[in-house]
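Asker: The chain contents come next:
Protein chains: 2
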Amino acid sequence: MAVGLGPLSTLHPVPGFELGIASAGIKRPGRKDVVVMRCAEGSSVAGVFTLNAFCAAPVILAKKRASGSVRYLLTNTGNANAGTGEPGLQNAMRTCASLAILAGVDESEVLPFSTGVIGEPLPVEKIEGALQAALDNLSENNWADAATGIMTTDTLPKGASRQFTHEGVTVTVTGISKGAGMIKPNMATMLGYIATDAKVAQGVLQDLLRDAANKSFNRITIDGDTSTNDCCMLIATGKAALPEITQASGALFAALKQAVFEVCMEVAQAIVRDGEGATKFVTVQVNGGATHQECLDVGYAVAHSPLIKTALFASDPNWGRILAAVGRAGVAQLDVSKIDVFLGEVCIASKGCRAVSYTEEQGAAVMAEEEITIRIELGRGTCSETIWTTDLSHEYVKINAEYRT
Amino acid sequence: MAVGLGPLSTLHPVPGFELGIASAGIKRPGRKDVVVMRCAEGSSVAGVFTLNAFCAAPVILAKKRASGSVRYLLTNTGNANAGTGEPGLQNAMRTCASLAILAGVDESEVLPFSTGVIGEPLPVEKIEGALQAALDNLSENNWADAATGIMTTDTLPKGASRQFTHEGVTVTVTGISKGAGMIKPNMATMLGYIATDAKVAQGVLQDLLRDAANKSFNRITIDGDTSTNDCCMLIATGKAALPEITQASGALFAALKQAVFEVCMEVAQAIVRDGEGATKFVTVQVNGGATHQECLDVGYAVAHSPLIKTALFASDPNWGRILAAVGRAGVAQLDVSKIDVFLGEVCIASKGCRAVSYTEEQGAAVMAEEEITIRIELGRGTCSETIWTTDLSHEYVKINAEYRT
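Going down the list, the protein sequences come from chains A and B.
If you want this note's numbering, it's the position in the first sequence, counting the first as 1, plus 3.
If you want this note's numbering, it's the position in the second sequence, counting the first as 1, plus 3.
Be careful, since some hints might not be right.
Copies of one chain are not kept apart here, so a pair can be met inside one copy or by any two copies together.
[Said to hold, decoys possible] In silico DSBU-like pairs for lysine-lysine, Cα to Cα no more than 30 angstroms straight-line: (1) K66 x K35; (2) K66 x K260; (3) K354 x K67; (4) K67 x K341; (5) K66 x K354; (6) K67 x K30; (7) K66 x K341; (8) K67 x K218; (9) K30 x K66; (10) K30 x K354; (11) K354 x K129; (12) K30 x K401; (13) K354 x K260; (14) K218 x K30; (15) K401 x K341; (16) K242 x K35; (17) K260 x K401; (18) K67 x K260; (19) K67 x K129; (20) K30 x K242; (21) K242 x K260; (22) K218 x K341.
Bear in mind the hints are in silico, worked out from the structure with no lab data behind them.
Full structure from sequences and hints, please.
Answerer: Have a look at this one:
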């Protein structure tokens, strides 16, 4: 029951970036669960990775190799290869080495990504058995299939694409993501892959991705649980007939930055829209903070409150729970008499108490919508932050009481 | 469906402390919703109060008056008088003044407590109408009725009692509490009242309560939401025929301290056992921390994780989710290769990965119990902390999607 998330829009191919999908039968026979991505020679690659201390074996390896020459990204679903220690690392290296041999590249040029059950040994032979089929399937036109191939508890594939033109040359930015639970990214989402045919040096690309991820992937939360396997990669193939783009490229740099940001934001929000059991897409906007951190503290206190999330599920304008969450967010010397809270455009609390103009009917009308904005004005300064989240439904409990992460 | 919580055990009367219950019909006609407690002249009173910045009007008033002479505690359920601003403060003062007139004491000697819906005006007239009946009902034998009178979403009343003898004189400590949701106390629980007939000066009493609350009320969490109305009061009437107890009283002080602690712990854990929708009572024990704070950070990351809580509900030994929560708890330079995790006595993860000896059957056997201990050994130092919490069930969502806090 994804909220406001339709079929995939057109995902424009990115010259120099191919995707191949195959079935290794990791959890279910016949399911597409292995995705190989090939970057043209000379591509730059940037990555942001989970800050969970229990980061998975493939994350350790991908992080180490991302700064060198990268030619292939190898992703499997159904098994996260996390909490698997040294044998897990060996298994990740072995799948990469097998792909390197088939593809004729050095094994250090292959980056592994895994998502699925934590703590089970990676079924290496099954994955190796699917690699040739994935290579045979490589095509620049396979973004939609790959978006489906990386899904786990996702109900819909997630992707976004932007194009802009500079001096008659079209530049494409296309990306896909997966994730629906264990979502509070800390540097990246569960898995995200974005590619562009612009030519960008690695350092610049890394800055572009870090900035975009901070304002998109790092501002979504479903259940507050940061995954062990979060990774987001940005690849620049350099195939567009344009000079290298740097911070000094003026409007061209700005256009690329905007396109990368928009793709990140769209696929990050798609994860929330497809959040486990989600019936609401909720924007929590905190304005007037003295610091960005206190805006985030307040925003996450609201976004993670099970009481607010169940009230959202029930379409109940239970503003007392919002005030309580703001009050416990740990903001030092918070003067509640300066705080206003809005549900959509309706002022529900003014100067720390129920707004005189507020009626239950106004609140109920906003809460009945599928997409809801909670806006909190702290009255302490000029900083703002926005976070996107879901409600907490019966379906969430059902999914997570039955599915083995 | 409270976990391991039976009918009230015997609550011994505390000489010099009387309780009176009446019905004001705040939410439902006929429901006992007003409790008046009278402390004998010369009693000492200590209190700990919520640190939520949006603390309710009665909390503001009770906190201010607690350090002076206290004769009456006035509690109502059904309305929290929180988020009500200056009019809320006036309403709290007015109910206290009305009780003071009827009882013939100064209004500053009456402390107000409210619990229930946030943000609605306090129904002052209804409460005033019930005061004489509550006063007429005052008796030292009414602890059980009062435990019922302060309930909101609680399914069972909560109380505990301890007695010890010193030089032939019996000293009693009896306490009651309420709370089932919006529970992550920060200095105290939703509402707790503990009385003793020992003679203790206010400063000593405050230290006793702070220590006991820190290890009991401040270590429980149901949903991570600190209430606006948390208060816990400890009253010493001095009616026991013993000299004043101070830190210098040796074994007598130790016995009182232990009794206060045990009563606090029992009524605090009773709140978790009666947690909204709870089907499990879960102890999260974190050992081997370099600091107490990092033990708490890890403990709360586990105790608040919706993924772990739903796995507990499903009796699923999903240890990967526990590792993931430990890893995201924000402990600096966490070396995962030193971490062991136990479910009951079963080692599920050793040195950061699945224990070689572990079988799914062992984990499933522990998870099938109603009372479960998750023990995490960080291997960083000598600090320990223990937190008590519940699972996350369908019933939790149902209760909070339907009940207006």
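Asker: Under the constraints set out in the numbered hints, which ones does this structure not fulfil?
Answerer: Hints 13, 14, 15, 17, 20 contradicted; others consistent.
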